[in-house]
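Enquirer: Please build the complex by placing chain B on the supplied structure of chain A, with the hints as guidance.
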Amino acid sequence: MTKPILIKNGRLIDPAQDFDARADLLLEDGLVSAVDPTCSLSGEGKTLIEAKDFWVLPGLIDMHVHLRDPGHEYKEDLHSGLMAAAAGGFTTVLAMPNTSPPVDQAAQIRSLLSRAKTIPGARLCQSAAMTRGLNGQELTEYEDLKNAGASAVTDDGRWIPDAAVMRRVLGYAHVCGLPPLSHAQEATLAPKGQIHEGRVSTRLGLAGIPAEVESMAVYRDISLVRLTGKRLHICHVSSRLSLDLIRRAKAEGLPVTCETAPHYLFLTDEDVGQYDVNRKMNPPLRTAADQESLRQGIAEGVIDVVATDHAPHSVLEKEVEFMDAAFGVIGLETALPLTLRLAEELQLSPKKVAELLSLKPAQILGLPGGTLLKGRPADVTVIDPQAEYVYDVKTSKSKSRNSPFDGWKLKGQIVKTIVDGTIVFEG
Amino acid sequence: MAYEHLIWPKDLIDLDQFGSEHLLAILDLAENFKEVSEREIKKVPTLRGKLVVLFFHENSTRTRLSFEVAAKRLSADTIALSASGSSMAKGETLLDTARNIMAMNPDALVIRHSASGAPSFLGERLACPVLNAGDGAHAHPTQALLDLMTIREKKGRVDGLKVAIIGDIAHSRVARSNMIGLRTLGASVSVCGPPAMMVPGLAEEYGVEVFERPEPALEGADAVIMLRIQLERQSGQLFPGAREYASVYGLNDRRLSLAKPDCLLLHPGPVNQGVELTPEVYDCPASVILEQVTNGVAVRMALLYLLVDNAERRNPEQASEK
Numbered sequence: 011m012t013k014p015i016l017i018k019n020g021r022l023i024d025p026a027q028d029f030d031a032r033a034d035l036l037l038e039d040g041l042v043s044a045v046d047p048t049c050s051l052s053g054e055g056k057t058l059i060e061a062k063d064f065w066v067l068p069g070l071i072d073m074h075v076h077l078r079d080p081g082h083e084y085k086e087d088l089h090s091g092l093m094a095a096a097a098g099g100f101t102t103v104l105a106m107p108n109t110s111p112p113v114d115q116a117a118q119i120r121s122l123l124s125r126a127k128t129i130p131g132a133r134l135c136q137s138a139a140m141t142r143g144l145n146g147q148e149l150t151e152y153e154d155l156k157n158a159g160a161s162a163v164t165d166d167g168r169w170i171p172d173a174a175v176m177r178r179v180l181g182y183a184h185v186c187g188l189p190p191l192s193h194a195q196e197a198t199l200a201p202k203g204q205i206h207e208g209r210v211s212t213r214l215g216l217a218g219i220p221a222e223v224e225s226m227a228v229y230r231d232i233s234l235v236r237l238t239g240k241r242l243h244i245c246h247v248s249s250r251l252s253l254d255l256i257r258r259a260k261a262e263g264l265p266v267t268c269e270t271a272p273h274y275l276f277l278t279d280e281d282v283g284q285y286d287v288n289r290k291m292n293p294p295l296r297t298a299a300d301q302e303s304l305r306q307g308i309a310e311g312v313i314d315v316v317a318t319d320h321a322p323h324s325v326l327e328k329e330v331e332f333m334d335a336a337f338g339v340i341g342l343e344t345a346l347p348l349t350l351r352l353a354e355e356l357q358l359s360p361k362k363v364a365e366l367l368s369l370k371p372a373q374i375l376g377l378p379g380g381t382l383l384k385g386r387p388a389d390v391t392v393i394d395p396q397a398e399y400v401y402d403v404k405t406s407k408s409k410s411r412n413s414p415f416d417g418w419k420l421k422g423q424i425v426k427t428i429v430d431g432t433i434v435f436e437g
Numbered sequence: 011m012a013y014e015h016l017i018w019p020k021d022l023i024d025l026d027q028f029g030s031e032h033l034l035a036i037l038d039l040a041e042n043f044k045e046v047s048e049r050e051i052k053k054v055p056t057l058r059g060k061l062v063v064l065f066f067h068e069n070s071t072r073t074r075l076s077f078e079v080a081a082k083r084l085s086a087d088t089i090a091l092s093a094s095g096s097s098m099a100k101g102e103t104l105l106d107t108a109r110n111i112m113a114m115n116p117d118a119l120v121i122r123h124s125a126s127g128a129p130s131f132l133g134e135r136l137a138c139p140v141l142n143a144g145d146g147a148h149a150h151p152t153q154a155l156l157d158l159m160t161i162r163e164k165k166g167r168v169d170g171l172k173v174a175i176i177g178d179i180a181h182s183r184v185a186r187s188n189m190i191g192l193r194t195l196g197a198s199v200s201v202c203g204p205p206a207m208m209v210p211g212l213a214e215e216y217g218v219e220v221f222e223r224p225e226p227a228l229e230g231a232d233a234v235i236m237l238r239i240q241l242e243r244q245s246g247q248l249f250p251g252a253r254e255y256a257s258v259y260g261l262n263d264r265r266l267s268l269a270k271p272d273c274l275l276l277h278p279g280p281v282n283q284g285v286e287l288t289p290e291v292y293d294c295p296a297s298v299i300l301e302q303v304t305n306g307v308a309v310r311m312a313l314l315y316l317l318v319d320n321a322e323r324r325n326p327e328q329a330s331e332k
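Those protein sequences? They're chains A and B, same order as listed.
Sequential numbering of the first sequence, starting at 11, is according to our numbering.
Sequential numbering of the second sequence, starting at 11, is according to our numbering.
In isolation and in its complexed conformation, chain A is listed as follows (with noise of 0.2 angstroms):
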């Protein structure tokens, strides 16, 4: 058993339970056994962590990351991603299916889970193929896989573009509990795409990915979800039209939930500049005005989460001709720093930072965390909010170096990552 964790004078916050006050903070066997807002908890016995300069954050669930492992271990696999995480302050990650081979079958749930337990980092959730290989037809065994600890389905990387398809995922998702995620992508508009269609492609000579890509995709989406009356989360929601849809389709009161990344917050595509590599994603860069749009859904709570889609690739994808490079980029130790920057400048609560990276996730993957009520698991983020460095790629934890964010000064550090009561990173 490892010895109880108490920490101390800390600015506790936890939406979940509208506070954020002072208070000491105690973890015993693998939970939260005490919040004492009176701070007189005695550190006798206890690991203590004093946190006077420090928040204390539910710990922080990042729910789209992708792990390489297995088949591309080269870029990243568990042990490095779990530990990448740690040290961006993630206690829980949710890990995307579209590795070599995909992950669609129960045993290989069972084999990721059972390695990720032995490795010192964040804690794993997996996700499962919302179809066979990823094809996009034959749906997987949904209840097998939940039995076999799923945390969700997704063919992320792609989109089902057989709309009846679609509506049995929808439908026999929610009969086995497992929430379904979207890659929304309608990409036969722009089956060559590099970047964001606009003046900058047209500029850099690159074929254009349209907005209308993942609007006609988010739409015919939601369609579904009203059809159904089931819900569905939309992965990297990177546009206005986009999040117009979904803004209205909450506004009907549809089940439906969306995340946007990091990187669509800070970066447009006119930062693609001259052809930077670490500036191309999917779905792309767009305009300052999306981005605009983006930060206030935000603030208005249309999008519920912040998710890095953490996505690792080598050198060898990367330091090659723009057309020929890889899609992605890694965003693991820099999705706080960015998400304090981004409540600093929409003059955001720090409960809504906590609900953005910790408690919205948490509800949407029905997991236990997300909160620091008594009795749930101890997994907690302690941070420094004031600490200033700048963000330097080549100390990531990631095996990849492909950051759109090298070298940007960056405000908030990890003091501490707690996972089940054992500190796994210290800053």
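Take these hints with a grain of salt, some might be off.
[Claimed, not checked] Coverage of chain B stretches by chain A, computed from C-beta distances (three or more under 8 angstroms per stretch; other residues unrestricted): (1) 102-115; (2) 120-132; (3) 146-158; (4) 207-216.
[Claimed, not checked] Looking from chain B toward chain A, a few residues come up when the C-beta cut is under 10 angstroms (computed): (5) ILE23; (6) ARG183; (7) ARG186.
Treat the hints as calculated values from the structure; they're not laboratory data.
Backbone N, C-alpha and C fix where the C-beta goes; we use that ideal spot for every residue, glycine too.
Expert: Chain B only, in chain A's frame:
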């Protein structure tokens, strides 16, 4: 000469690197070099002992020949690498190729590549000047400069002229570089092509007028640049076919008569006769297509000279690999 007082970049990537003063200085220098090509002994010792690598990752006959002639007339040594004849065909990456070229210690690299951005990729990694001989759908600055030179030679100026560019704008690096160059020198530009061969933001990005049909684009034009249609790639996909293309967008006598009586006809070549142009138009007095080829050599001589000379004058520390 004027060029000596200007600051030049290490690489030639596209014409957006230059203001009008630079462009005019290049054209002036090219005119001087053109005179070399008219001599009995068509050679000057300017780049003697220099090595120019011609790296053509994408097929090209005209541009490669033109650069080769230009380098030879400046007395430089040349080696030509092509994708099929080099280790690129064996799966070598562009980065590896760059490092290998670097090891040969060349004085200039001329690159043609199917990927937009490949010249800047190499330019950032090589110590020597990199000259873009056409990259993907991005830029073809030497082609645009030879078009500017031809227009200026025939009209005495570029400023205030009206130039129409017609054809596959979306996939055309020639169109992009020409739009930049022509606008920088004060011409007004109208562009026209089939909807599937157009891209958004042309008016905002380049300050050109965009037309659906060629007739209004041609009206009152001082020069028209017809772009090559890649029949092999586009037939039946972006457009119903060559015959249909000729009937809607092809330049014939009737359409040419909408332009000014002394309108020039340019084409980057090779021409699909009967598609972009009727054979009658190709041979008409307005056509300066072969003069473009002559001027191409002169422009490339000027740029090779400028950038190699410029590299020598730069801080030698900058010559080491980044």
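Enquirer: State for each hint whether it applies.
Expert: Hint check results:
no.	hint	verdict
1	102-115	holds (count 3)
2	120-132	holds (count 7)
3	146-158	holds (count 4)
4	207-216	holds (count 6)
5	ILE23	8 angstroms, holds
6	ARG183	6 angstroms, holds
7	ARG186	6 angstroms, holds
Checked against the numbered hints given earlier, the structure satisfies every one of them.
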